[in-house]
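There are 6 protein chains.
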Amino acid sequence: MVYITRRERFCAAHKLYREDWPAEKNLEIFGKCSNPNWHGHNYDLYVTVKSKPDPETGFVVDYRIMSEIITEKIIDKVDHRNLNLDVDFMKGIMTSTENLAIAIWKELEEPFRQMGVVLYSVRIQETENNSVEYFGQPS
Amino acid sequence: MVYITRRERFCAAHKLYREDWPAEKNLEIFGKCSNPNWHGHNYDLYVTVKSKPDPETGFVVDYRIMSEIITEKIIDKVDHRNLNLDVDFMKGIMTSTENLAIAIWKELEEPFRQMGVVLYSVRIQETENNSVEYFGQPS
Amino acid sequence: MVYITRRERFCAAHKLYREDWPAEKNLEIFGKCSNPNWHGHNYDLYVTVKSKPDPETGFVVDYRIMSEIITEKIIDKVDHRNLNLDVDFMKGIMTSTENLAIAIWKELEEPFRQMGVVLYSVRIQETENNSVEYFGQPS
Amino acid sequence: MVYITRRERFCAAHKLYREDWPAEKNLEIFGKCSNPNWHGHNYDLYVTVKSKPDPETGFVVDYRIMSEIITEKIIDKVDHRNLNLDVDFMKGIMTSTENLAIAIWKELEEPFRQMGVVLYSVRIQETENNSVEYFGQPS
Amino acid sequence: MVYITRRERFCAAHKLYREDWPAEKNLEIFGKCSNPNWHGHNYDLYVTVKSKPDPETGFVVDYRIMSEIITEKIIDKVDHRNLNLDVDFMKGIMTSTENLAIAIWKELEEPFRQMGVVLYSVRIQETENNSVEYFGQPS
Amino acid sequence: MVYITRRERFCAAHKLYREDWPAEKNLEIFGKCSNPNWHGHNYDLYVTVKSKPDPETGFVVDYRIMSEIITEKIIDKVDHRNLNLDVDFMKGIMTSTENLAIAIWKELEEPFRQMGVVLYSVRIQETENNSVEYFGQPS
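Residue numbers (my numbering), protein chains in the order written: chain A, 2 to 140; chain B, 2 to 140; chain C, 2 to 140; chain D, 2 to 140; chain E, 2 to 140; chain F, 2 to 140.
In isolation and in its complexed conformation, chain A is listed as follows:
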């Protein structure tokens, strides 16, 4: 098995805010991330898949194809968007980086399976100090 990782980037606005909580509680729990007028990030998304390399090409999967899948399924929907308002696969979900990684996993698992490779990990670098990684559920 060889593991290959493709990085794609997106810039998005979001906030951490529960409408069923008063503003004070949102501020207490989520701090400055609860700013009602939003804030945003440059997100780095690292997607890792694994497979045996194809004996003819030496590829696990062509990086171009990997990039196309991630771009079509994720980047086109989140880049220069609002994660709370504009993204179908985040509807009704708190936009923590943890939840974002899980949601992106769900979007990517099946398309990569159809390519003949296994999705191994989704990692999101939100700032240079903070990152999240998700490996799916044990089967």
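Treat the hints as calculated values from the structure; they're not laboratory data.
As the structure is a computational prediction, the values presented were derived from the model and not from experiment.
Any given hint could be a false lead.
Identical copies carry no separate label here, and so any pair may be met within one copy or between two of them.
Computed cross-link-like contacts, DSSO-like style, restricted to lysine-lysine with a CA-CA straight-line distance of at most 27 Å [what the hints assert, rightly or not]:
{"hint": "1", "residue 1": "K33", "residue 2": "K92"}
{"hint": "2", "residue 1": "K92", "residue 2": "K51"}
{"hint": "3", "residue 1": "K26", "residue 2": "K107"}
{"hint": "4", "residue 1": "K53", "residue 2": "K26"}
{"hint": "5", "residue 1": "K74", "residue 2": "K107"}
{"hint": "6", "residue 1": "K33", "residue 2": "K53"}
{"hint": "7", "residue 1": "K33", "residue 2": "K78"}
{"hint": "8", "residue 1": "K107", "residue 2": "K51"}
{"hint": "9", "residue 1": "K33", "residue 2": "K51"}
{"hint": "10", "residue 1": "K78", "residue 2": "K107"}
{"hint": "11", "residue 1": "K53", "residue 2": "K92"}
{"hint": "12", "residue 1": "K53", "residue 2": "K78"}
{"hint": "13", "residue 1": "K74", "residue 2": "K53"}
{"hint": "14", "residue 1": "K107", "residue 2": "K92"}
{"hint": "15", "residue 1": "K53", "residue 2": "K107"}
{"hint": "16", "residue 1": "K26", "residue 2": "K78"}
{"hint": "17", "residue 1": "K26", "residue 2": "K51"}
Use these hints to put chains B, C, D, E and F onto chain A, whose structure you have.
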């Protein structure tokens, strides 16, 4: 003269959108940056000042003091905020990185002069591919 | 399970030197790291914990709390200090990056357990070429 | 067990091209990587080994020795070379990053075993967006 | 005046080799860069232009347009190519990074002038240790 | 004129402390940098020289020669050393990054002049947030 540079970071939402233009023109001119629901960035702000080092300390200016000035005058006002809605010194100004650099220069020039050093440059790295630098107006 | 990683940084002096060895042997085994007058590094410390995200907040653990724990237990004790002389949890231990990672693990394991999350890994980047990672002992 | 990682760098030319395929098929499958006149990269090679630290030195293995092994077995053979034409351990192998990682693993596994440590992973960063990691075959 | 910088990246093969010198002299002067079978790099190209921001948009020049010009005039000609063999504007020129920066300047100066901005600098980062910057000729 | 920059790295211990001041004043002025038992950094040193490229080689100066000069004059004296105790050209000088940049300039100016190039700038990156640049004295 020695030049010292302090980096501070902030995460903010913004959009490029003129209310006096129809949505179509905003989309044509500003592309995906015109998304009505905002997007955002991790901004890296590099501030450079120059002076002769103090003979007793060897400092142009203490990095801690430099950080405090930038934090008080800029970071506290822009971090986890919306550049279009929440920032007093950007009121009525298009939030392009160019204009942001000029506005930050205006906020910082006088406080550093009072510290006995000369503001030399304000540089903003908006993404890993895009950055802006402003050196003030020739006197 | 979702894994989140927080980076904190510290700058410290240290040397690799055994008092029970003659200077020549220290130089032979530890090379320039044995300089009697010390040397130092900017260390990047990456701490990873794992847990199910909280359904209300979407957090494994708030990055701010994670940062506070690492700062209180580690950074306040090692930043701008001498790892051989100033750090209680390194007393009597060779200050190799390997031993430092193990020692930091021991300091952090219990505080994170009390937060309801499991410490997964401690990684230290000592230079851009050299890093160490420790995952604890198999239970 | 502690894991230590050493990075070494090399700059090399290569192309992805099968002589048993017509030029059109090479272009279709390998895209711009099939340019007959070659292209090249700055490759970052990360080698990770694991072991218990030596109680006398606190080392899994001295970084200098780790660097010497990687340099002798790999870097001296690939740096400022052509991966398709100049490298003995890539003879007859498609120079995909996947195959390169597997081939480097095979060169390094035995030398590190003789040092008393276990090779854990070979990771190659080919561009800032693309990387490959290989962990060997399950025994 | 505000200065904006756009980074574009390309991967290319090249060698430093004079056909009018014997192989020994090429090796002596150019070292491993003279390898007859080529080597290669990931080049980072930073292009800086300056102008007053447009009062309507706040732009010196739209990054997208800046990227299109650099891509059409430079990247499409050098990416995944051989700088010695495949690039029209490097024909008959030693492919040192210094000469490459000068040649790229000549290709970009006029197109940016037509956009109403002034080319200020061309910087090429060849490896993490080596870079070159060219500011044109004093007029 | 073309400007080329070479980066070299060193790891060193130091402290900011005046023996003619009481410990309290050192702590007040220099903060945690005054720790009597030292601290340390990974310093990145960027040296820029300028010249017309040699018409035969296309070089301002060979990077290998540039590296040898910087290594012999600076790195061999500061790497894995104590800047206050071990470095001849810092004797009696406060080891602020400002003073270090000026002192390194003085060591490098003449050797580069003898190489036929002009030293343009010495830049030291002390942490990812703090850096200093020195351009010499106007002649």
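Quick rundown of the hints versus the structure:
Proximity of K33 and K92 under a CA criterion of 27 Å is satisfied in both settings, with 22 Å inside one chain copy and 21 Å between copies. In the homo-oligomer, the alpha carbons of K92 and K51 lie at most 27 Å apart only across protomers (25 Å), although the nearest pairing inside one protomer, at 29 Å, exceeds that limit. With identical chains, the CA atoms of K26 and K107 are never at most 27 Å apart, being 31 Å at best within one copy and 34 Å at best between copies. For a Cα distance limit of 27 Å, the shortest separation of K53 from K26 across copies, 22 Å, qualifies, whereas the shortest one inside one copy, 50 Å, does not.
For the identical chains of this complex, K74 and K107 are intra-copy neighbours only, at 10 Å inside a copy versus 37 Å across copies, given an alpha-carbon limit of 27 Å. Taking CA atoms no more than 27 Å apart as the test, K33 paired with K53 passes between copies only; the shortest distance there is 23 Å, against 45 Å inside one copy. Taking CA atoms no more than 27 Å apart as the test, K33 paired with K78 passes in both settings, with 25 Å inside one copy and 11 Å between copies. Both within a single protomer and between protomers do K107 and K51 lie at most 27 Å apart by alpha-carbon distance, with minima of 17 Å and 19 Å respectively.
Within a single copy, K33 and K51 get their C-alpha atoms only as close as 38 Å, which misses the 27 Å cut-off; across copies the closest is 24 Å, which meets it. In the homo-oligomer, the alpha carbons of K78 and K107 lie at most 27 Å apart inside one protomer (14 Å), although the nearest pairing across protomers, at 37 Å, exceeds that limit. Taking the closest pair of Cα atoms, K53 and K92 come within 27 Å of each other only across two copies (20 Å); inside a single copy the shortest separation is 36 Å, beyond that limit. In this homomeric assembly, K53 and K78 come within 27 Å of each other (Cα to Cα) only across copies, at 26 Å, whereas the closest approach inside a single copy is 30 Å.
For the identical chains of this complex, K74 and K53 are neighbours both inside a copy (24 Å) and across copies (25 Å), given an alpha-carbon limit of 27 Å. In this assembly of identical chains, the alpha carbons of K107 and K92 lie at most 27 Å apart only when taken from the same copy (14 Å versus 40 Å across copies). For a Cα distance limit of 27 Å, the shortest separation of K53 from K107 qualifies both inside one copy, at 23 Å, and across copies, at 16 Å. In the homo-oligomer, the alpha carbons of K26 and K78 lie at most 27 Å apart only across protomers (22 Å), although the nearest pairing inside one protomer, at 30 Å, exceeds that limit.
Proximity of K26 to K51 under the C-alpha cut-off of 27 Å is restricted to the inter-copy arrangement: shortest distance 25 Å between copies versus 43 Å within a copy.
The structure fails hint 3 only (numbered hints given earlier).
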